[in-house]
Amino acid sequence: MRLMSSFDSVKSALAAAAPVMAGYVAIGLPCGIMESQIGLNALMAFVVSVTFYSGAGQFMIDGMWLAGSPVASIVASVSFVNTRQLLYSAGFAPYFAKTKKWLTFLFSATVTDESFGVNLSKFQQGEWSAAQATFVNLFCMFTWGVANAAGALIGDVVDIPTAIASFAMTSIFICLLVSQRFDRTAVVVVITTMLGVFACKCAGLAGPAILLGAVIGMVCGLLFDRASRRVVHRGAPDAGGEAR
Amino acid sequence: MSLQDFFLIYGICLVCMLVCRCVPIFVLKGRELPAGVQRALNLIPVAAFSALVANDLFTPGMFAAGLWPAAMPLVAAAVVVVVAWKTRSLVWCAVAGVVVYAILLFL
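Chains A and B supply the protein sequences, listed in that same order. Numbers 2 to 245, taken from the working numbering, label the letters of the first sequence in order. Numbers 2 to 108, taken from the working numbering, label the letters of the second sequence in order.
It is worth saying that the hints were derived from the structure and are not from the lab. Computed from a prediction, not measured in an experiment: that's the story for all the values here. Heads up, some of the hints might be wrong.
From chain B, some residues computed to sit far from chain A (all C-beta separations above 10 Å) [claimed, not checked]:
#: 1; residue: 47
#: 2; residue: 49
#: 3; residue: 61
#: 4; residue: 64
#: 5; residue: 67
#: 6; residue: 69
#: 7; residue: 71
#: 8; residue: 98
20 Å max Cα-Cα, derived SDA-like pairs, lysine to any residue [to be verified]:
#: 9; chain 1: A; residue 1: 123; chain 2: B; residue 2: 19
#: 10; chain 1: A; residue 1: 102; chain 2: B; residue 2: 24
#: 11; chain 1: A; residue 1: 202; chain 2: A; residue 2: 102
#: 12; chain 1: A; residue 1: 102; chain 2: B; residue 2: 90
Beta carbons are placed, not taken as given, at the ideal position from N, Cα and C, and that holds for glycine.
Construct all of the structure, not just a fragment, from the sequences and the given hints.
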């Protein structure tokens, strides 16, 4: 009976993970092809994919590497972009208050943008366990690793132009950007970040342009947010008066 | 660059990634983040993805070789924005982006 319920919970985790797994096959193949272009074989691509396990990060490393960026710029830019994981990890904290440490570690070490979305909505709906959430992560991670390894194998045989393969990455970044929650502060961040990146490149700082541009955008966003809060705060007594 | 350089990049990025992924969930168990920190963290994804998109699409002197070579990725990106808006699907965006880009490239 208990075995059956465990089987059911794994099955429901697989059902929740399936759409993400399908996506990872489609995106993992071009990522693996790019990895083969920088010299990784299938086994290396698999190991990198199931440990680092970051689509955006892996595409960035490959793309910046092929563009000839310095090591320090690649590390700083990729690590900055991955700091968004802090937000995801913090978001899951309330659901793991009573979970064992090893399971909390295994879960948190395998969270991605997509599995974050799936698991958070399942937790919010209720009746979702830490073990099921971890299974979702592991199913997706294994699929990502295999798709990357397959891509690296294909990449040895088929020569796909880098410009086309890397536009898959650009498209993924656009989708991830469009999928964010947009308010006025976010619009300010988008515009100032893009201007910041362009300005850095014009100033000959192409290497750290991603990191610097994003920091400029965040600072502008925080300043705008603070200024608009002050305006709202100042206007608050009047608004309260009207309400009365 | 050599594979040794690659594994240096991979190793440092992996450590940073694990810290970002694992530390908050252990530190915050049952607690809330300060509001200011939460606000700053909320802006990271928008800033990071905007920077990545801008880095891929905009280069100084991009129109020097003519209007079309520079406008072509922007047209493909505009199609991806519409697909992303409608579907919110990474797969459809990647497929649409690559197909439109390849068609425009060979036009």
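Now for the hints, and whether the structure bears them out:
1. 47: violated (5 Å)
2. 49: Violated, since 4 Å does not exceed 10 Å.
3. 61: violated (5 Å)
4. 64: holds (13 Å)
5. 67: For residue 67 (chain B), whose nearest Cβ neighbour in chain A is about 16 Å away, the distance exceeds 10 Å, so it holds.
6. 69: holds (15 Å)
7. 71: The assertion about residue 71 (chain B) holds, with a minimum of 13 Å to chain A.
8. 98: violated (3 Å)
9. A:123 <-> B:19: Distance ~24 Å between residue 123 (chain A) and residue 19 (chain B) Cα, so the pair is violated.
10. A:102 <-> B:24: Holds: residue 102 (chain A) and residue 24 (chain B) sit about 12 Å apart, inside 20 Å.
11. A:202 <-> A:102: Measuring from Cα to Cα gives roughly 44 Å; hence the hint is violated.
12. A:102 <-> B:90: violated (33 Å)
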